[in-house]
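Participant: Now for the letters of each chain:
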Amino acid sequence: MIKKLARDTLAIILLGLILRLIIAPFTLNWDFLANMHLAAKMDTQSLSEFYKDPLANYPPLMYKTLSVIYNFTRTFSGNLIDNWFAADNLTAVSSVYIFRILFLLKLPFIIIDIACGVIFSRLFNVGKRNVALLAWMVNPISLYLVAAWTNVDITTLLFILLNFYFFSKNKFLLSVFALGMAVSFKFFPLFFVPFLIFSTNNWKKRIIYALTLALPVITTHLAVIGVPNYFNQLLAGGHSRSVLFATLPIGADRALIYFYFIYFIVFLYYLSVKTKNYFIFSLFSIVPIFAFSKFNLQWFIWLLPLVLYSQVKSEKLSPNIILLYASFFFLVLLSQASLNIGMLAPIDATLWNLEWPLKKIFGDENIFSMLNMVHTLFAASLIFLSYRIFKNYEKA
Amino acid sequence: MRRLDIFQENHGNSLIVGPGNTISQTFIPTKNNLAGVRIPVSNPKLGATDEYQMSIVYENNILREQTITGANLGWQTTLRYDFPLISDSAGKIYTLSFSYLGKNSADEDILTKINTGFWDTQKPDEKTTEIIENTQKNYVHVAYSKSDEYKNGQAMLNNQSLTGDLSFETYYQVVGISYFKDTVNDLKLRSVKDPLFFIFYFLFIGSIIGLLIFRLKIKNRK
Chain A
19 MIKKLARDTL AIILLGLILR LIIAPFTLNW DFLANMHLAA KMDTQSLSEF
69 YKDPLANYPP LMYKTLSVIY NFTRTFSGNL IDNWFAADNL TAVSSVYIFR
119 ILFLLKLPFI IIDIACGVIF SRLFNVGKRN VALLAWMVNP ISLYLVAAWT
169 NVDITTLLFI LLNFYFFSKN KFLLSVFALG MAVSFKFFPL FFVPFLIFST
219 NNWKKRIIYA LTLALPVITT HLAVIGVPNY FNQLLAGGHS RSVLFATLPI
269 GADRALIYFY FIYFIVFLYY LSVKTKNYFI FSLFSIVPIF AFSKFNLQWF
319 IWLLPLVLYS QVKSEKLSPN IILLYASFFF LVLLSQASLN IGMLAPIDAT
369 LWNLEWPLKK IFGDENIFSM LNMVHTLFAA SLIFLSYRIF KNYEKA
Chain B
198 MRRLDIFQEN HGNSLIVGPG NTISQTFIPT KNNLAGVRIP VSNPKLGATD
248 EYQMSIVYEN NILREQTITG ANLGWQTTLR YDFPLISDSA GKIYTLSFSY
298 LGKNSADEDI LTKINTGFWD TQKPDEKTTE IIENTQKNYV HVAYSKSDEY
348 KNGQAMLNNQ SLTGDLSFET YYQVVGISYF KDTVNDLKLR SVKDPLFFIF
398 YFLFIGSIIG LLIFRLKIKN RK
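So the protein sequences, as listed, match chains A and B.
Quick note on numbering: the first sequence equals residues 19 to 414 in this note's numbering.
Quick note on numbering: the second sequence equals residues 198 to 419 in this note's numbering.
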């Protein structure tokens, strides 16, 4: 059956669609709810007021996109969705219309996720495309983070994958523009920019790339240039602090930041090689975020292309990949209920208020010890995976 | 496990539990095995050792009661009162009562006037305002809505009805497979209230599954 499936692109997409549609109406993460709440009120207030909200962590283009999705949902649900968003949490979660509303709200993200799978598959030669597409369609990380959690970063990932795709087709200006669009949705793709700019040795091209990349970023940020605290909140807010938390003290008031240390090494190595694999090196550059910081679990979607790349290339599920997935899911299971069973709150509203039941069973200290162990396994699996990809790259 | 039964979460005001000011809320559980109540509270006097009492009353009989101290209550928290289950609870009128066990009769009159909205119409002078503000800081506040949000019960002050309702949640005990049975039953009841969506949803998914099977059969023949 799997072999038959792997020969038919449309069948694979249909399978991916079925799996996502089964999950979507019955799961809800508070993160998605918070983002949609923000998007719903974006048009009713000035950007200065909007970005006073500490939860407003994305550039305006992301919220504008979410606002379009919100209005698309209103077309099919009328006042239902306005009433739903106005309700308090338990009332919203136990609403009889929640399934319809979640189906409509999540459908665009499901389509984007499937599009990501299709674009990702086009990075491979014809023989492996359907395998890559199938890997994406049935991938538990994608199903969890998009269909269930509805991580809005999938819109950013779409443009990152377009960036890789155009680069693989030697359409460099389109590639740069796509990366600029990705940065306009969320700032983390900025880490890829040096790798793209320096993929060429020609300074004139580098300047053109930089200007092309800046075009969508500046255009989408014109409205927020004067907004107090905008850049401070988005670039130096809580997420940045968690990424930069792990440091190696080297003297009084002086420390090395693990993430930047490894990032710069990867970049310097990239500059030194003759054949620059932009896809591999740019994704390598963000691996330290996951190994050396208390990353937000939904960020793992950024690395999905690298993990699936390894999976497809090796044509099997190696122990390394299995341990990586298992450790990630243990991180999910050991965390607070809103990241695991709490997402089933549309089915039973009791689950919305569950907090952290494992803490009551095992105690705070034991839970955090387990999380540390599992995160360490996750980091080791990820770094070893990166090493294997790098070794194969060197051989090639 | 305790499963959510009924709730009322709207609030925009609060009532203060203090000397001579017992706050209560009547409610009617829809399920048997009533085993817990939660109410949002705020405690301006953090760390204080003042004692309060929560009780569940049925037909003037105290079925369950618990003493809690202010030291166990945070600035803004959900007070969770779990108790041994009351088996035959569905459809009966219970009263959740929250009272202050300390003695400070000087504050009684001020608190009663705050709770009854006396100063909404009678603007206090500066000195009285200061007394009101200082008095409020000494006792636990419970979340309250002045509107009649919960039709099957009401909030009360010293057993006198108020216009609105407390914000509250009630829970009932479920064991093992009963949890799944109750969840599935409730899901069925909810799904029939939006039949248009569920008919569309199952037809839509069914069509996609049908198309997938059809595609695989075609590929098999080829």
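Since the hints were made in silico from the structure, they are not lab data.
Note that this is a predicted model, so its numbers are computed, not measured.
All C-beta atoms, glycine included, are put in the ideal place defined by N, C-alpha and C.
Some clues are possibly wrong.
[Unchecked claim] Capping the alpha-carbon separation at 16 Å, the derived lysine to aspartate or glutamate pairs in EDC-like fashion look like this:
1) A:Lys-378 x B:Asp-279
2) B:Lys-228 x A:Asp-26
3) B:Lys-416 x A:Asp-26
4) B:Lys-378 x A:Asp-26
5) B:Lys-414 x A:Asp-26
[Claimed, not checked] With beta-carbon atoms standing in for the labels, derived distance ranges:
6) B:Ser-239 x A:Phe-386: 41 to 49 Å
7) B:Pro-241 x A:Glu-67: 44 to 52 Å
8) B:Lys-334 x A:Ala-133: 21 to 29 Å
9) B:Asn-258 x A:Glu-373: 47 to 55 Å
10) B:Ser-375 x A:Asn-384: 56 to 64 Å
11) B:Tyr-255 x A:Arg-259: 29 to 37 Å
12) B:Asn-417 x A:Glu-412: 48 to 56 Å
13) B:Glu-262 x A:Asn-314: 39 to 47 Å
14) A:Tyr-287 x B:Asn-269: 41 to 49 Å
15) A:Thr-93 x B:Glu-330: 34 to 42 Å
16) B:Leu-386 x A:Val-144: 24 to 32 Å
Participant: Please go over all the hints and tell whether each is borne out by the structure.
Facilitator: Hint by hint, here is what the structure shows:
1. A:Lys-378 x B:Asp-279: The hint holds at about 15 Å.
2. B:Lys-228 x A:Asp-26: Measuring from Cα to Cα gives roughly 51 Å; hence the hint is violated.
3. B:Lys-416 x A:Asp-26: OK: Lys-416 of chain B and Asp-26 of chain A at ~8 Å, within 16 Å.
4. B:Lys-378 x A:Asp-26: Violated, because 40 Å separates the two Cα atoms, which is more than 16 Å.
5. B:Lys-414 x A:Asp-26: Satisfied, since the Cα-Cα distance of roughly 11 Å is no more than 16 Å.
6. B:Ser-239 x A:Phe-386: 41 to 49 Å: violated (29 Å)
7. B:Pro-241 x A:Glu-67: 44 to 52 Å: violated (29 Å)
8. B:Lys-334 x A:Ala-133: 21 to 29 Å: Between Lys-334 of chain B and Ala-133 of chain A, where Cβ atoms are some 56 Å apart, the hint is violated.
9. B:Asn-258 x A:Glu-373: 47 to 55 Å: violated (33 Å)
10. B:Ser-375 x A:Asn-384: 56 to 64 Å: violated (29 Å)
11. B:Tyr-255 x A:Arg-259: 29 to 37 Å: Once the Cβ atoms are compared, 52 Å apart, the range 29 to 37 Å for Arg-259 of chain A and Tyr-255 of chain B is violated.
12. B:Asn-417 x A:Glu-412: 48 to 56 Å: Check failed, 42 Å falls outside 48 to 56 Å.
13. B:Glu-262 x A:Asn-314: 39 to 47 Å: Since Glu-262 of chain B and Asn-314 of chain A have Cβ atoms about 43 Å apart, the given range 39 to 47 Å holds.
14. A:Tyr-287 x B:Asn-269: 41 to 49 Å: violated (56 Å)
15. A:Thr-93 x B:Glu-330: 34 to 42 Å: This hint is violated: roughly 49 Å between Cβ atoms.
16. B:Leu-386 x A:Val-144: 24 to 32 Å: violated (51 Å)
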